[in-house]
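Each chain is listed here by its residues.
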Amino acid sequence: MKRLTLTLLIAAALTPMSAVLADDLGDLKAEIAQMRAEYEQRIQQLEQRLTQAENTTNDVREEVAIVKSTPIPITHSNNSFNPAISMVLNGQFSSYSNPTGNYTLNGFSMQNGAGLATEGLSLGESEITLSASIDQLLFGQMTIALADDGAGVEEAFIETQGLDNGLTVRAGRFYSPIGYLNERHVHVWNFADAPLIYRGLFGDQMATDGLKLSYILPTDQLVEIGGTIGSGNQYPSNGSHSGIGDWLVFAKTGGDIGISHSWQASVAHWQSSPKDRSIGDMNLPSPVTFNGDTDISNLSLIYKWAPNGNPTQQNLTLLGEYFYSHDTGTLNNIPTTAIYNGKQYGGYVEGMYQFMPRWRAGMRYDRLSSSINASNVGLLNAANLDLTSFHPQRYSLMLEWLPSNFSRLRVQINEDKSSRNNDTQLFLQYTVNIGAHGAHSY
Amino acid sequence: MKKIITSLLLFVATSPVMAEVNIFACEPEWAALSQELGGDKVTVFSATNGLQDPHYIQARPSLIAKARRADLLVCTGAELEVGWLPLLQRKSSNSAIQAGSPGYFMASNYVRLSDMPTSLDRSQGHVHAAGNPHIQTSPLNIMQIAKALSQRLQELDSDNADFYQQRGDDFTQRWQAAITKWQQQAAPLKDAAIVVQHDSWRYLFDWLGLKKVAVLEEKPGVPPSVDYLNRILTQLKTTPANIVIHAAYQSTRASDWLVKKSSITSVSLPFTVGGNKQSQDLFGLFDDTIKRLLKANK
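Chains as they are written, first to last, in numbering that gives the first Met the number 0: chain A, 0 to 441; chain B, 0 to 297.
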């Protein structure tokens, strides 16, 4: 606008007749003023149209959002109809300062293939888990473990989902709800090997073939009570039973303390009447057997810390468990028999600290005791059961690197005093998870 | 005796039936929305707070106890809670909140998800097969979800349907007005070049027309390597950005590094309700988000 006025003024000034045509200048001024008014009106109109256009855009944007967000009737489940499949692969390198064949756990029997992992490079246990909702009422899951000595069904169960009122029924084979680690698969344990007490009492882990019933109380604090009945054919139960071979009751409780701390405590009691269960040294030509009653009690405590409840940067887990096992009955090694009373007890404490994302370090301490009596000591000697009050102990350190949610590399060192021959052990291990997203259980 | 029994029976019969709808919200934004829509007819529990990463939560005992008594589950869905919600549902032994029940409300079912991956492979990091689940970062999404959730409340607690309807209408009105206000405020942010820590703000960027220049996580859920960060630095020389943003709960290591190496401004955004002091409700969340972005963009 200014420029236009200027040009016109210059033009006017340069006009040779400027001096004489003063009247014309006045006309020119009026004309310019009129032009300015017209332009301003036009600009105003343009501005108005622009605002209108902007408003329309906003309206359209909102409409688009509405059109886009018409409900899509999809229920996202892990895998539409096929079962969710997840596979765990693991391998390790183990090194021992003592010959592995000489390994014993003083005062305890080792069965179920328990003991040290194969020396040198070995393929650990690989696992395949399939799970899915069966229908509106049931959920099913099966875990098959593949190891060098063949395949085995670790778990295979069906379970009610949302039976209501806090009740859940499970049937099939499942890890017994005794102890915190016992209910979890080996690959989610915090160390490469089982706690000594698990090795000594269960042959690493105890399963039940049977039924489980559990009930969650309608309280603000979690209180879960329940029990299982089983066939009694899984170690440390033994022999065929016409009806119920073992039973268990348990109770769990837990909660949060503020937003950064959480805990869980559980107790459990298991009973069985084993028939002809081998006891002591398994490698004897005719092992000593036990008939009678076995009961095992457990207490476990777990505490977790994560700043603001956000474990991704740093977190701490403390876990401790104690088991007490009592056998009463008779020992047999044909033709000899004896009255037997054996107590085996002990536990472990462990702490894991994630000091920065992807890195965890941990410590564990194991300690066991036993008190074994028989009316005929000769039978205990025959079974190679140590009668001296030696306490097996073990110290472990581990360091883990987790490149992602689905993989883990671990190095672990043990100072193992399971028997009088101290053993220094080293494990290097990888564990990966392929397929369906694993559940973050507590 | 008879009298006592009769009066007891009468008492039981006339005592108010289930006073409130028990809502279990997986994330604080849905807890806030449920409270807006349900008022005093609902009790709301949030499974996570604004400083937690909803990907990585464990099915803690306290969560199982709450889920067992819930009437309505309000979660994001789209696999955001895949690591813990299915387990929680199963452990809760509560038929009301199982998938497909009226008490199972997944917000992501009511909006169009972006970033649907073209190929699914874990070598690409923690990818979400259903699309980007961080839907609460756009108020347009929240508007849609509010409508659906209000409807769900009306179905679930039909005695109070009118109440929910009225509260829903009221919220929609206030929310619409707020959206218009935010859009005006955020006008200067249009086409602002921004680096993000994790692809958490996809929907906010779409809504306000912001430009994502780079993502600090090389792959979703995997912390970046120095090598990768150096590449971003080189990239920023040709396509400069003013701002790098991260959620309050995310590690600031990568963005701190970038701030040290360039002239970029780092901004911590609340990401959800309770993500910082200013974001105590849904309105505060967007007020604060836009305020922080405007300040950094100067």
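Check before you lean on any hint, since a few could be wrong.
Said to hold, decoys possible - Partial list, computed: chain A residues near chain B (C-beta under 10 Å):
1) LYS251
2) THR329
3) ARG357
Don't read these hints as lab results, they were simulated from the structure.
Bear in mind the structure is a predicted one, so any value in this text is a computation, not a measurement.
Where a beta carbon is used, it is the ideal one built from N, C-alpha and C, also for glycine.
Structure-based check of each hint:
Checking A:LYS251 against chain B by beta carbon gives a least distance of about 8 Å; that is within 10 Å, so the hint holds. The restraint placing A:THR329 at the interface with chain B is violated, with a minimum CB-CB distance near 42 Å, outside the 10 Å limit. Interface restraint check: A:ARG357 against chain B, minimum CB-CB distance 7 Å, threshold 10 Å, status holds.
Going through the hint list in order, the structure does not satisfy hint 2, though it satisfies all others.
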